[in-house]
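Here are the chains, one letter per residue:
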Amino acid sequence: MNDTFEDRLLAELKTEMAIRPARAAAPRRMTGRRIFAAAGVLGLAAAAAVAVPMVVGTDTPAYALTKNADGSINLKIHEFRDPDQVERDLAGMGVTADITYLPLGKWCGNLRVTPVDGDHLSMSPEELASEDPAVTEKARKRLLSSISYKAIEMRNGITIHPEYIKPGQVAVIEVAENQVKPTDSPGVVWSVRGHLSAGPAKPCQVVDQPGAFEVGDATPPPGS
Amino acid sequence: MRLKQTGLADIADDPVAFEAFYRRHFEAVTRFLARRVGDPHAVADLTAEVFLAVLDSAHTYRPGKGSEIAWLYGVARNTLLAERRRSARELRANSRIAGRRLLESDDVSRLEDRIDAESPARRAMEAMAGLPENDRALLELVAVDGLSPAEAAAALGIRQGTARVRLHRARRALQQIPGVVPPLVMEGHR
Chain A
1 MNDTFEDRLL AELKTEMAIR PARAAAPRRM TGRRIFAAAG VLGLAAAAAV
51 AVPMVVGTDT PAYALTKNAD GSINLKIHEF RDPDQVERDL AGMGVTADIT
101 YLPLGKWCGN LRVTPVDGDH LSMSPEELAS EDPAVTEKAR KRLLSSISYK
151 AIEMRNGITI HPEYIKPGQV AVIEVAENQV KPTDSPGVVW SVRGHLSAGP
201 AKPCQVVDQP GAFEVGDATP PPGS
Chain B
1001 MRLKQTGLAD IADDPVAFEA FYRRHFEAVT RFLARRVGDP HAVADLTAEV
1051 FLAVLDSAHT YRPGKGSEIA WLYGVARNTL LAERRRSARE LRANSRIAGR
1101 RLLESDDVSR LEDRIDAESP ARRAMEAMAG LPENDRALLE LVAVDGLSPA
1151 EAAAALGIRQ GTARVRLHRA RRALQQIPGV VPPLVMEGHR
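Here the protein sequences line up with chains A and B, keeping their order. Residues 1 to 224, numbered by this note's numbering, are exactly what the first sequence covers, in order. Residues 1001 to 1190, numbered by this note's numbering, are exactly what the second sequence covers, in order.
Check before you lean on any hint, since a few could be wrong.
So these bits of chain A aren't anywhere near chain B, every CB distance computed over 12 Å [to be verified]:
id	residue
1	111
2	136
3	155
4	157
5	180
Residues on chain B that point at chain A, a partial pick, calculated with CB under 7 Å [unchecked claim]:
id	residue
6	1013
7	1015
8	1022
9	1026
10	1048
11	1051
12	1103
13	1107
The hints are simulated quantities; they were obtained by calculation from the structure and are not laboratory data. C-beta: ideal position from N, C-alpha, C; glycine also.
Starting from the given sequences, assemble the full structure and let the hints guide the process.
In structure tokens form, the structure reads like this:
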């Protein structure tokens, strides 16, 4: 750890910025297309957000991004507590990332990314509302085939695959970590969401996510 | 497209702009505090408080009314005054970020060095302790913190003419106090 009080305080202040109530913005009319796109990204959130039940082990290992032989990069969730450091380290590995670290129960409620080619994130309102397993499974398969999901894989914490990230694209990752270690097993320890953006991400507008503490039917990703 | 008046409003919303502002002024803020507080942990707590206050009040900055640093020293001074009204324990309990928890031993020794380096300034401020509060605040910002009289006026939210009168009065009063080093209190004229 060669960072200083100055760096650590900056990271805390940025977290504070992220969880501050977003300043009231002038209401803007949305076009039909934009509503569709927003719903699509929220749809992806439903499919790709991963709530992780109780993780065993209490010690926090030393900070280290792991670069694998195939060029992919592993990040463990506790490492996101210093989002600036993660951004710098990823930049050193050639990946531009925009990391937002939030307490569990908060979430970015706005569409932050500029969609990239190869993402199929749009879901129709019918698909979002459908309870037909065949329909949701088809939508889920389509989301999982998106480039975003290949580039930011929910495995071993998060596994980033730089080969899917084109120059100029940004890996936008939002992590919400439970500030209280869940005592009831199972409890949600963290929750994560990742998208590619064709350019810089818009600032996070933080909203409450009341259901975040419920495990629901989420399954832990392999390797966590 | 709307012409953008770049004040500091963006720094409360834009992490990149905030980081640039923070890096630009972090050292000045810790020095400002080290001139007024003798304990590294308290300096760390207050540094966190000052930058939180910056986030809360960035929209009050008006570029026309003085430099960034003058505005920032105004924020830092208000933070210190608020802290002196509350007990230190209360401050920590209510703070959103406990600065001292972010300190490691290297940081503590760096802050101690800074506090030591600022000891002449603290002695100068002790010499000013007998001045009326308004005059003292102004003289501190000019003679100890190095602001111009116009910047100090902006930091305190007073008119420049008022500041000149108060500075003149404060300097005259100080010349009669034994032990004050004249060059120190005479700096910052413009």
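field: Numbers of unmet hints, in rising order
entry: none
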